[in-house]
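**Student:** Going down the list, the sequences are from chains Y and F. Per the UniProt record's numbering, numbering through the first sequence is continuous, rising by one, with the last residue being 349. Per the UniProt record's numbering, numbering through the second sequence is continuous, rising by one, with the last residue being 639.
Any given hint could be a false lead.
Below are the PhoX-like pairs computed for lysine-lysine, each with C-alpha atoms no more than 20 Å apart in a straight line [claimed, not checked]:
(1) K435/F to K79/Y
(2) K325/Y to K368/F
(3) K435/F to K110/Y
Computed Cβ-Cβ distance ranges for the label pairs, DEER-style [claimed, not checked]:
(4) L235/F to H111/Y: 24 to 32 Å
(5) S417/F to S132/Y: 21 to 29 Å
(6) D403/F to A151/Y: 57 to 65 Å
(7) E334/Y to A344/F: 35 to 43 Å
(8) V76/Y to D403/F: 45 to 53 Å
(9) E362/F to S266/Y: 17 to 25 Å
(10) Q259/Y to I402/F: 53 to 61 Å
(11) T239/F to H111/Y: 43 to 51 Å
(12) K301/Y to I255/F: 48 to 56 Å
Worth flagging that the hints you see were computed from the coordinates, not collected in a lab. C-beta atoms are modelled at their ideal positions from N, C-alpha and C, and glycine is treated no differently.
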Amino acid sequence: MATPELMLSLGLIEKDVNADTLWVWCYPSIDADLREVMLRKCCLTLDNQVLHTFVFGQFCRTWYYITTVEVQEPTVLKKVTHFSIVVTAKDFNPEKYAAFSRVLCRTYMKHGSPVKMMEGYIAVLTKGICQSDENGSFLIKDYDVRKALLAGSLKDVVSQFGMETIILYTALMLKKRVVVYHPRIEALLEFTRALPCLVWHRKDWSILHPFVHLENDELENLKVCTGYVAGFVDPEVKDRSDLFDVFVNLPDSEITVSQNAKEAMSMGKLHKEIGNFIVQAAEDADRSDAQVIKDISVKTKEILSNLMSLADHADNSKLTLECLKQGHYPPATENFLFHLAAAEQLLKI
Amino acid sequence: MEEVDRILIHSLRQAGTDIDEDVQSVKQFTSELIVEAVVRCLRVIDPAVGNGLSHSLPPGMSARFRLGMSLAQACQDVGFKGEIGYQTFLYSNEPEIRSLFMFLVERLPRESAEASDQPAGKSVLLQRAIAAQIKAQLSVPWLPPTCRLPVHRKTQSSGPCHSFHAQPLSLPCSLKVSSRKQPKEVQEYWRNYLLPVTAQPSQPASVPASLLENHISELSAAQEWESEWNSQGLLSRLTPEEYRSRKKARLQKRIEEQLRTAAQPRPDTHGATRSTSDLAELLQSFGGASTGGDVLTKGTRFTHTEKFTFTQEPEKAVQQMAAAASALPSSQQSEEDLKAQQEAELSALQQQLQQLSVQMEEVGGGIKQLTVSIQQVTDELQTREVTNAERENSVKIKRQTIDLLPDAENNLLKLQSLVESSSKRVVQLASQWEKHRVPLIDEHRRLKELCSNRESESSRKLSEIKDLHDKIRQSAEEAKKKESLYKQLLTEFETLSKDVSRSAYTIRILEIVGNIKKQKEEITKILSDTKDLQKEINGLTGKLDRTFAVTDELVFKDAKKDESVRKSYKYLAALHENCTQLIQTIEDTGTIMREIRDLEEQIETENGKRTVSNLEKILEDYKAIRQENSALAAKIREG
Chain Y
1 MATPELMLSL
11 GLIEKDVNAD
21 TLWVWCYPSI
31 DADLREVMLR
41 KCCLTLDNQV
51 LHTFVFGQFC
61 RTWYYITTVE
71 VQEPTVLKKV
81 THFSIVVTAK
91 DFNPEKYAAF
101 SRVLCRTYMK
111 HGSPVKMMEG
121 YIAVLTKGIC
131 QSDENGSFLI
141 KDYDVRKALL
151 AGSLKDVVSQ
161 FGMETIILYT
171 ALMLKKRVVV
181 YHPRIEALLE
191 FTRALPCLVW
201 HRKDWSILHP
211 FVHLENDELE
221 NLKVCTGYVA
231 GFVDPEVKDR
241 SDLFDVFVNL
251 PDSEITVSQN
261 AKEAMSMGKL
271 HKEIGNFIVQ
281 AAEDADRSDA
291 QVIKDISVKT
301 KEILSNLMSL
311 ADHADNSKLT
321 LECLKQGHYP
331 PATENFLFHL
341 AAAEQLLKI
Chain F
1 MEEVDRILIH
11 SLRQAGTDID
21 EDVQSVKQFT
31 SELIVEAVVR
41 CLRVIDPAVG
51 NGLSHSLPPG
61 MSARFRLGMS
71 LAQACQDVGF
81 KGEIGYQTFL
91 YSNEPEIRSL
101 FMFLVERLPR
111 ESAEASDQPA
121 GKSVLLQRAI
131 AAQIKAQLSV
141 PWLPPTCRLP
151 VHRKTQSSGP
161 CHSFHAQPLS
171 LPCSLKVSSR
181 KQPKEVQEYW
191 RNYLLPVTAQ
201 PSQPASVPAS
211 LLENHISELS
221 AAQEWESEWN
231 SQGLLSRLTP
241 EEYRSRKKAR
251 LQKRIEEQLR
261 TAAQPRPDTH
271 GATRSTSDLA
281 ELLQSFGGAS
291 TGGDVLTKGT
301 RFTHTEKFTF
311 TQEPEKAVQQ
321 MAAAASALPS
331 SQQSEEDLKA
341 QQEAELSALQ
351 QQLQQLSVQM
361 EEVGGGIKQL
371 TVSIQQVTDE
381 LQTREVTNAE
391 RENSVKIKRQ
401 TIDLLPDAEN
411 NLLKLQSLVE
421 SSSKRVVQLA
431 SQWEKHRVPL
441 IDEHRRLKEL
451 CSNRESESSR
461 KLSEIKDLHD
471 KIRQSAEEAK
481 KKESLYKQLL
491 TEFETLSKDV
501 SRSAYTIRIL
511 EIVGNIKKQK
521 EEITKILSDT
531 KDLQKEINGL
541 TGKLDRTFAV
551 TDELVFKDAK
561 KDESVRKSYK
571 YLAALHENCT
581 QLIQTIEDTG
591 TIMREIRDLE
601 EQIETENGKR
611 TVSNLEKILE
621 DYKAIRQENS
631 ALAAKIREG
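Using the sequences and the hints given, assemble the complete structure.
**Tutor:** Spelled out as structure tokens, the structure:
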């Protein structure tokens with residue numbers, strides 16, 4: 001799975017004694033738009049000196065991983081106070097790139113030259129291994145993508161929101177837009193990466209935008225996607241009702257469904273059933289997170305196969321509203337199934 | 001003493017005492033005058049005390065005595081510490097009276113002097129001028145209109161009075177619109193068609209009011225701009241025009257934002273779409289119109305909203321009216337017909353409505369389905385596009401691989417070596433690039449530092465400039481204040497009565513002070529002379545004593561041997577004794593002379609006290625009292 005060519009580029013941002021943050025180096029290349037976004041994310045441009053050692057996110061289907069370090073002891077980097085190492089890649093695997101960038105950071109701190117860093121990068125690219133000066137070496141094989149996907153804890157999500165988790169489940173199933181707000185980036189990253197696990201059968205992590213600023217370029221990129229999970233640290237996002245169908249206020253443990261999504265998100269007996277199932281599965285102390293995810297996935301597949309069975313087999317296994325109506329479901333369930341069919345691309349057009 | 005007396009008399013006159021011109025000193029004061037002066041002073045110092053006393057001496061002796069007693073009491077109440085009684089007033093002597101007057105004059109309040117010390121502003125001056133004018137006008141008696149002279153007509157007729165009624169004026173040169181920027185047409189209008197200001201208002205009487213109003217509005221606008229520019233504009237480091245345009249853009253943006261948030265569509269409110277479209281129109285018109293207008297002119301926003309509310313409504317109203325008019329049935333039809341027709345119409349309409357709502361529902365369901373399917377399709381399209389791109393990539397790679405497949409082992413080796421060599425080359429290139437990059441980055445940082453240094457320097461200078469501005473303003477204000485004060489004082493000085501006495505007094509006082517200084521110098525000189533003399537005397541006495549002792553001893557020694565020497569010793573002793581006596585006598589004479597002088601002085605002071613005349617007066621008064629007493633006793637007896 002973990003093929004090395006998933007890595008796209010390597011970049012270096014430095015903050016110097018003039019409090020000036022600057023892109024100083026990159027290999028092979030990063031386009032200007034992405035560079036600007038990276039500058040915003042690396043938290044060096046902000047005046048408040050809160051340092052986020054590791055952040056990640058997605059922009060235009062490119063994942064970025066930024067490790068920021070403060071230069072403390074006297075090194076070769078005389079005029080530099082902080083620097084960030086930016087790795088962009090095609091795949092979602094925070095742990096892998098965190099480890100890799102830590103190695104790179106140490107190298108750069110020691111030598112003060114990006115050439116050594118680049119040697120490491122090329123080694124990983126060609127051989128899948130990078131020799132570190134201390135602590136052994138970085139082996140790309142150690143980091144399986146499955147592990148990365150399972151790293152988020154659904155149990156924590158359910159323990160925080162309880163029965164309300166069903167709203168998140170429904171929203172994700174119907175490919176709705178979910179916006180999560182928390183003032184701390186770390187909490188945001190932790191929480192949002194767990195949400196796609198609710199729809200494990202799709203294994204689509206491209207809906208995840210864990211760290212978005214309220215800036216035009218990023219919002220444009222977000223609006224292109226049909227459904228997403230986006231994390232914001234800016235409390236103003238609450239007033240941007242054009243950005244979300246479901247708003248999660250993480251510090252207050254509040255979930256709000258926006259007015260224009262209420263109809264599509266109306267819930268019925270089926271939801272109650274699934275909700276109870278999720279809560280029970282998550283509360284079971286013996287079950288691991290992976291097992292919980294699996295349980296939910298099984299349940300989802302059950303629903304989907306139900307839905308498939310309704311489809312007209314003669315007609316390329318596609319559904320119509322009439323087919324659904326023959327099932328005589330309660331209106332809320334019918335509505336849900338109809339939208340679900342659209343989300344799973346089962347509708348006949 | 002003459003000077004003191006004149007000052008005293010001047011002050012007493014000011015306090016209200018009527019003193020004859022020929023009275024020049026306190027010595028000339030009669031008892032009546034003294035009583036009057038004291039009472040007047042007391043009235044000024046403490047009205048509660050002074051008002052209970054009469055300022056003229058009563059004819060009856062006992063009444064006079066009582067008045068004297070109460071006056072003495074009042075003086076003590078006010079704070080006079082010296083010896084005082086009825087005799088002070090009735091049988092006056094000069095020094096006592098003088099000290100009493102000096103005390104009283106000192107206690108007189110000096111409000112007039114204090115008031116003139118405080119600086120008065122322009123408004124105070126104006127108010128004073130108004131007060132003076134009103135006083136002057138009030139002093140002129142009112143005359144019936146026919147009897148008025150032209151002088152009176154100005155102030156007493158009601159003819160020229162108008163209410164303050166201002167009208168907007170149009171002026172070619174004003175602060176708000178600089179003449180250069182205006183289009184040619186406007187300039188031509190100014191040149192050829194604009195009426196002079198005197199002809200612009202509808203009534204000629206409101207010309208001054210309008211001009212004043214116009215002037216004040218421009219002045220206040222200019223001041224506002226000045227203060228804003230000094231406080232904020234200067235710090236923004238922009239030229240005034242740039243600052244203005246930036247402020248304009250900012251305001252416009254804010255207003256637009258406010259309107260936009262207010263216009264956010266709410267699904268549960270009916271007619272929201274209408275108001276939003278209206279607001280959108282407004283926004284558009286606002287954006288379009290205000291680009292040409294001047295944001296500083298107040299009321300742009302209001303005129304636009306006005307236009308908006310008043311132009312839209314009438315059109316709609318007209319349309320509605322027309323529709324209603326056509327629907328009205330002709331009144332000539334009978335009522336029943338009308339009813340039946342109405343019912344039929346009603347049912348038909350209801351049917352239509354039902355049909356329409358059913359249709360609506362159907363179409364709504366269709367729309368919903370379609371939107372959902374559109375969503376699905378777009379979603380699918382996106383995923384397809386992504387997978388397509390991925391597949392294309394993989395196809396490319398696979399094709400290359402297939403090309404290399406026939407000679408797999410060789411090619412693999414070749415590829416590996418290629419990868420290795422190219423990675424080495426890349427690293428090499430990177431290190432070469434590093435050689436160029438590092439100096440460039442360093443240069444960038446150095447320049448940036450320089451730049452920030454310069455910036456801080458410039459901001460420092462800017463703050464300095466601001467300080468200077470403040471200082472200039474302060475100084476200007478101060479100068480203005482001082483100038484006005486100077487003017488005020490000048491006018492006051494001109495209006496002051498040319499009373500030379502004051503300057504004369506000051507000159508005299510200065511002279512007196514000079515004299516006193518001179519006298520003091522002389523006294524110190526005499527004192528030092530005296531001291532020198534004393535010293536000399538002491539020295540001589542000591543010398544004498546020593547000489548005598550030595551001579552005495554010498555002569556005494558020889559006296560035992562020689563008879564003639566004994567004789568001379570006796571003479572010596574006698575001489576010494578006589579001389580001592582002589583000195584003693586001289587000293588005694590000195591003391592006696594001094595005593596004589598003291599006594600002479602005492603006699604003079606006693607003479608000054610007019611004892612003889614006072615005694616005669618006392619005797620007379622005593623006789624008068626006795627007469628009064630006997631008269632009273634006779635009356636009692638008769639009664």
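**Student:** Would you say the C-beta atoms of E362/F and S266/Y sit inside 17 to 25 Å of each other?
**Tutor:** Holds - the Cβ-Cβ distance for E362/F and S266/Y, about 21 Å, lies within 17 to 25 Å.
**Student:** Regarding L235/F and H111/Y, is the given constraint of 24 to 32 Å on their beta-carbon distance met?
**Tutor:** For H111/Y against L235/F, whose Cβ atoms are near 45 Å apart, the range 24 to 32 Å is violated.
**Student:** Look at the Cβ atoms of S417/F and S132/Y and judge whether their distance stays inside 21 to 29 Å.
**Tutor:** holds, 26 Å
**Student:** Can you tell me whether the CB distance of E334/Y to A344/F sits inside 35 to 43 Å?
**Tutor:** Since E334/Y and A344/F have Cβ atoms about 41 Å apart, the given range 35 to 43 Å holds.
**Student:** Between K435/F and K110/Y, is the straight-line Cα distance small enough, at 20 Å or below?
**Tutor:** Holds: K435/F and K110/Y sit about 18 Å apart, inside 20 Å.
**Student:** Measuring from beta carbon to beta carbon, are Q259/Y and I402/F in 53 to 61 Å?
**Tutor:** Between Q259/Y and I402/F, where Cβ atoms are some 56 Å apart, the hint holds.
**Student:** Starting from the range 45 to 53 Å, see whether the pair V76/Y and D403/F falls in it by beta-carbon distance.
**Tutor:** Holds, at about 46 Å.
**Student:** For the pair D403/F and A151/Y, does the Cβ-Cβ distance stay inside 57 to 65 Å?
**Tutor:** violated, 40 Å
**Student:** Check the following: the C-beta atoms of T239/F and H111/Y are separated by a distance inside 43 to 51 Å.
**Tutor:** holds, 50 Å
**Student:** So if I understand the rule, the pair passes when the alpha-carbon distance is 20 Å or less; does K325/Y with K368/F pass?
**Tutor:** holds, 15 Å
**Student:** Sort out whether K79/Y lies within 20 Å of K435/F, counting only the CA atoms.
**Tutor:** Roughly 17 Å between the alpha carbons, so the hint for K435/F and K79/Y holds.
**Student:** Does the Cβ distance between K301/Y and I255/F fall inside 48 to 56 Å?
**Tutor:** holds, 55 Å
Of the numbered hints given earlier, the model fails hints 4 and 6; all others are met.
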